[in-house]
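Q: Residue numbers (the working numbering), protein chains in the order written: chain A, 1459 to 1829; chain B, 535 to 982.
For the record, the hints were derived by calculation from the structure and aren't laboratory data. Some hints could be false.
As the list claims (entries may be wrong) - Simulated pairs of lysine-lysine, DSS-like, Cα-Cα distance not exceeding 30 Å:
| hint | chain 1 | residue 1 | chain 2 | residue 2 |
| --- | --- | --- | --- | --- |
| 1 | B | Lys-931 | B | Lys-886 |
| 2 | B | Lys-957 | A | Lys-1705 |
| 3 | B | Lys-712 | B | Lys-928 |
| 4 | A | Lys-1559 | B | Lys-907 |
| 5 | B | Lys-957 | A | Lys-1763 |
| 6 | B | Lys-957 | A | Lys-1675 |
| 7 | A | Lys-1675 | B | Lys-931 |
| 8 | B | Lys-957 | A | Lys-1755 |
| 9 | A | Lys-1675 | B | Lys-917 |
| 10 | A | Lys-1559 | B | Lys-587 |
| 11 | A | Lys-1675 | B | Lys-907 |
| 12 | B | Lys-633 | B | Lys-957 |
| 13 | B | Lys-907 | B | Lys-917 |
| 14 | B | Lys-962 | A | Lys-1755 |
| 15 | B | Lys-886 | B | Lys-928 |
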Amino acid sequence: CLSSKIFHHLVKNGLKGHRCSSHFTFIPDTVSASEGESNQTSKFFLSHHLGDTARMNLFQAVTNALDLALTSDPSAVIFGEDVSFGGVFRCTVGLQEKHGKDRVFNTPLCEQGIVGFGIGLATAGTTAIAEIQFADYIFPGFDQITNEAAKYRYRSGNSYNCGGLTIRTPTGAVGHGALYHSQSPESFFSHIPGIKVVIPRGPIKAKGLLLSCIRDKNPCIFLEPKILYRSAVEQVPVKDFMHELGKADILIEGDNVTMVAWGTQVHVMHEVCQLAQDKLNVSCELIDLCTILPWDKQTVINSVKKTGRLLIAHEAPLTSGFGAEIAATNECFLHLEAPIQRVAGYDTPFPLIFEPFYIPDKWRCLDAVKK
Amino acid sequence: MSLSLVFKILRPRKALFSNLRIKKFSNTFSHVGSRLFSSSSTPDDQPNFPGSKSQFTDKLDFIRSDLYDGIPVYRVMDRKGNIINESEDPKLDKDLLVKIYQKMTLLNTMDRILYESQRQGRISFYMTNYGEEGTHMGSAAALNDKDLVFGQYREAGVLMWRGFSLDQFMNQCYSNCKDLGKGRQMPVHYGSPEHHFVTISSTLATQMPQAVGAAYSFKRAQNGLCVICYFGEGAASEGDAHAAFNFAATLDCPIIFFCRNNGYAISTPTHEQYRGDGIAGRGPAYGLASIRVDGNDVLAVYNVTKAARRIVTEEGRPVLIEAMTYRIGHHSTSDDSTAYRSVDEVRYWDEKDHPISRLRRFMKKQNLWDDDKEKAWKDESKKQVMKSFAKAEKLKKPAPELLFTDVYDELTPHLQEQMDEMKRHVSKHADHYPLKNFEEMTPFAEEK
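This is chain B alone, in the form it adopts within the complex:
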């Protein structure tokens, strides 16, 4: 990790403006630095407005967002897996690199099998992670495993990195009796306190201000941990994203906002999502240290997350990371993405700029991986996934009475009444309900 990167994150304003290349140089932009405007303030004639710290100017000029190039995309290796700047190579331990690679490919294998199982009607829904495996493993590997994760839904790799087992993934997707969520949520809504991964919900961006609250809690607890909050570029348009950025900055919370900018929110391309410089461009306006990274370069993602973690834990200030990537798969199993984008476009990313193949090329060059290992791991990972898959499918669903528990910490009288009513009804009409697929309910006591 080079000092220069840390420096850039530490000094967001300077970093942003020093990266700007003024396209249309107007005379008011007399110099590029921390001050964009020519100043007409004299020492005894300064603006005193409480709302900003700035100088007077006698030139009428709007700041135009198209005056400068976007925030650059930080990368460590090129598409062929060559390190571009030796000093940026994190020089990760060999075993760690292999682990990163294996988890990325294992996630990919699990995705393929669960996607197919949905197509066959064996699970009701699925969302793949194709093309974004690098953002998951690169960031997760740079965190402390006890840092709290708030996700959106396309971050299964983070959970996999932390040791959430294939069985557990499958149990959730099959809503069986071993699902930690008791079969209540749709597939891919994972969560695990043991792995410090807050349960996913479908509502977009709601996790963002929540993550800030948790980070505030950590700050008061002085536990040396931070919170990371993942979200897509589409979710960043929600009001909750605005709330989160602003609260995190004003309340000095140790949080890393990690945006997966994969070009699409279902069918909506980014030019219909925003007109500014992506999501990272918003960070400085909120007072967030901000950086943009090549999300298909797992080493770059690792470096950036590592540096961000240092800032949030040591300085107690929030950081925004925007990882540029591409959603190779359909949005979900309920979506056919060929209806709004070309097959060629998808093929380009799958074949020419994929996080898994880029890391594989890098590792081959380092003699950490070869075709034999590749084949052996492919077979092995597929076997593991199939084994968990078969196991999860055989398990029964949770007892139907679990539909009433955990609404409150205790069963309230009115819920007890409704549970009794359900049991009474179902026992009377057992033929009409799929009871054989479910674990047995505790018997209903007629006189209470």
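Okay, chain A solo, but in the shape it has when bound:
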């Protein structure tokens, strides 16, 4: 991507506030060490049983996970465009110096090559951690992902597999990324049997879920919400730990409406829950799906059976977005008291200057709660 370095600069400065104001407030799973007071997500205060913690933003948590993955598995390698010097989002800083040039290296600028190369590594028994610079540029690798990676084990009768492959890629809106630095392509991948698709909401989950993806015996796509790289800071357990794939988190318990989101949108919904409580006296249950494929249907069903209402929100366009799949799951018909609401990006390309009007922000979501 020609603009990646400029873009990196923009992300950094954009978040300092002179470029635009953010459409969400990051709510950490842990309170920062300096604040010392608990918040309502404290049941996700995972650090107390995972030992020492360190203050990390999301990109540092990713680096930390990658470092642990390389340390614990001598076969593991990291590769992609510009990963050697630390990556355009700083996710691989210091890893080449620490683990060697044969383990952390640049590839030519070619996404289909990166994914194909990663599949080959995994087929030969290597743990392959590929980076696609932006999720917007993953499509040249779509054939390798859908026809090859996803079907490798099945078509060979389990003679061969590429389960050792993980593809990491930055995803989602960033304030000014326009058409090709903002996309959320998860629903394209949700239609591909054979892969797992995972999105974290913050540094702790990023570390735990990424380590699980790397060690899972299936090819995984790990989508990193790039707007959180610097803005999301948590006390992250220092030790090696994993979070189960295919399992959703109930972040807030509530009685009246179930809300389902993933990635950055979880934080938008967090605010919506508060607003709904304050303004409408509505008690919302907030679920972070965490894994798009295979998704945790049972957790969502159980919640909707309790609340009777469901609101799903995602940045990606509405039509055939993953919200449609969740909404179509018909196990709760007799429990539903209202039509399922979906608040999503509009069915347009992701625009530059109109981003504030495009995204499913808290006011659009709150309106949907009212309905």
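Given the coordinates of chain A, work out where chain B should sit on it, guided by the hints.
A: Relative to the frame of chain A, chain B by itself:
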């Protein structure tokens, strides 16, 4: 194996340019060597651009691809089976030569019988290897049997060379319960970890960057092995081919790219596929040691592959081999090639320049083969093929529930649900499904 051949592969640039015969000599082409252009650089006035190592010139000249003849086709024996240059004769062991010949003909026999069985509707699809048997056996014999093979689909001979049995070929084509692929893929999509042959998929050229990744893995493992990746000249037009060549070169991977240039991609002739000097002509531009070989000369293919293997394993650098051949059969059983090429053209290759008959002539001259042996082997190989054929046809298909396994390493909850649903449905409507042809499913437990 002569040193000169090794030298040419080792020094691709020099080898390429020393082979060029300049047709239209222009004054800028003042000499032919490692430098094509006249230089106006002086020692203190050199180009400093990071993107290339070259000299300045004050002459405006485009490099035209039609200025020189193509990369020559290396061969060891002529069409009558005579060794052309004694020093190039690999002097293969007698038993090895007989084995090569027998495997080529056995493949040919299997092709004929399976092709016919498709015509009779007994298998759904087939692709023959007619005319390309030499590229398979010549290259396979020059490899270590543990070198990993990534293929396209017309390389069954490589697998046969390594001992994949006739039964196994038939089981795959019949999608029966003994197929290693569990009946999931179309016929001729073979694969076998035991024979270090990665399962074939239909998508063209996707195996190419994958093979490079596997080669990188081998390099790190320092296992002394290499990867060979076969593909047709049509597949070489895919983006994945470009990715593979470039990744292999920049990441120094021990891989042999083996292109079967048989003149056609289904109906598309090569002049509609590319305008450069075939596939080998692209190699030097990527930094690949490259060579072109007569694919109907099994000894030449053997020599070239042997030398290439030495380069990739000892130097850790990739090599590109382009084997020139001709697709004698139809593209597949779904294709009638007379719709786009003449019967005479096909007949020429079948009768005048066939890898099997050329090797047979060579072996007759060496007194390694005669008409009696030919007849006896023909009968024997046909018998073997028919026996496996009959056996494979009688076996049941795999249990239908295997349609759900191996999507992931473990059955996910949603797939378990769908498997249960299928079992429930099929047991209720058993009359409408061909259950008698399949192995029995494990019974569905109603309460889970």
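Q: Taking only the CA atoms, is the gap from A:Lys-1559 to B:Lys-587 under or equal to 30 Å?
A: Answer holds: A:Lys-1559 to B:Lys-587 is near 24 Å, not above 30 Å.
Q: Below or equal to 30 Å on CA atoms is what counts here, so check B:Lys-931 against B:Lys-886.
A: 43 Å, violated
Q: Just to be careful, I want the Cα atoms of A:Lys-1675 and B:Lys-917 compared with a cutoff of 30 Å; is the pair within it?
A: 44 Å, violated
Q: Between the alpha carbons of B:Lys-907 and B:Lys-917, is the straight-line distance 30 Å or under?
A: Satisfied, since the Cα-Cα distance of roughly 15 Å is no more than 30 Å.
Q: Check the hint pairing A:Lys-1559 with B:Lys-907 against an upper bound of 30 Å on the C-alpha distance.
A: 57 Å, violated
Q: Run the distance test for B:Lys-957 versus A:Lys-1705: straight-line Cα separation, threshold 30 Å.
A: This hinted pair holds, its Cα atoms lying about 27 Å apart.
Q: Straight-line Cα separation of B:Lys-633 and B:Lys-957 no greater than 30 Å?
A: Violated, at roughly 48 Å.
Q: Is it true that the CA of B:Lys-886 sits at most 30 Å from the CA of B:Lys-928?
A: 40 Å, violated
Q: Holds or violated: are the alpha carbons of B:Lys-957 and A:Lys-1675 at most 30 Å from each other?
A: OK: B:Lys-957 and A:Lys-1675 at ~27 Å, within 30 Å.
Q: Is B:Lys-712 close enough to B:Lys-928, meaning Cα to Cα at most 30 Å?
A: This hinted pair holds, its Cα atoms lying about 11 Å apart.
Q: Under the criterion that the straight-line Cα-Cα distance not exceed 30 Å, is the pair A:Lys-1675, B:Lys-931 satisfied?
A: 28 Å, holds
Q: Hint check: B:Lys-962 vs A:Lys-1755, CA-CA at most 30 Å. Holds or violated?
A: Satisfied, since the Cα-Cα distance of roughly 27 Å is no more than 30 Å.
In this structure, the hints that do not hold are numbers 1, 4, 9, 11, 12, 15, in rising order.
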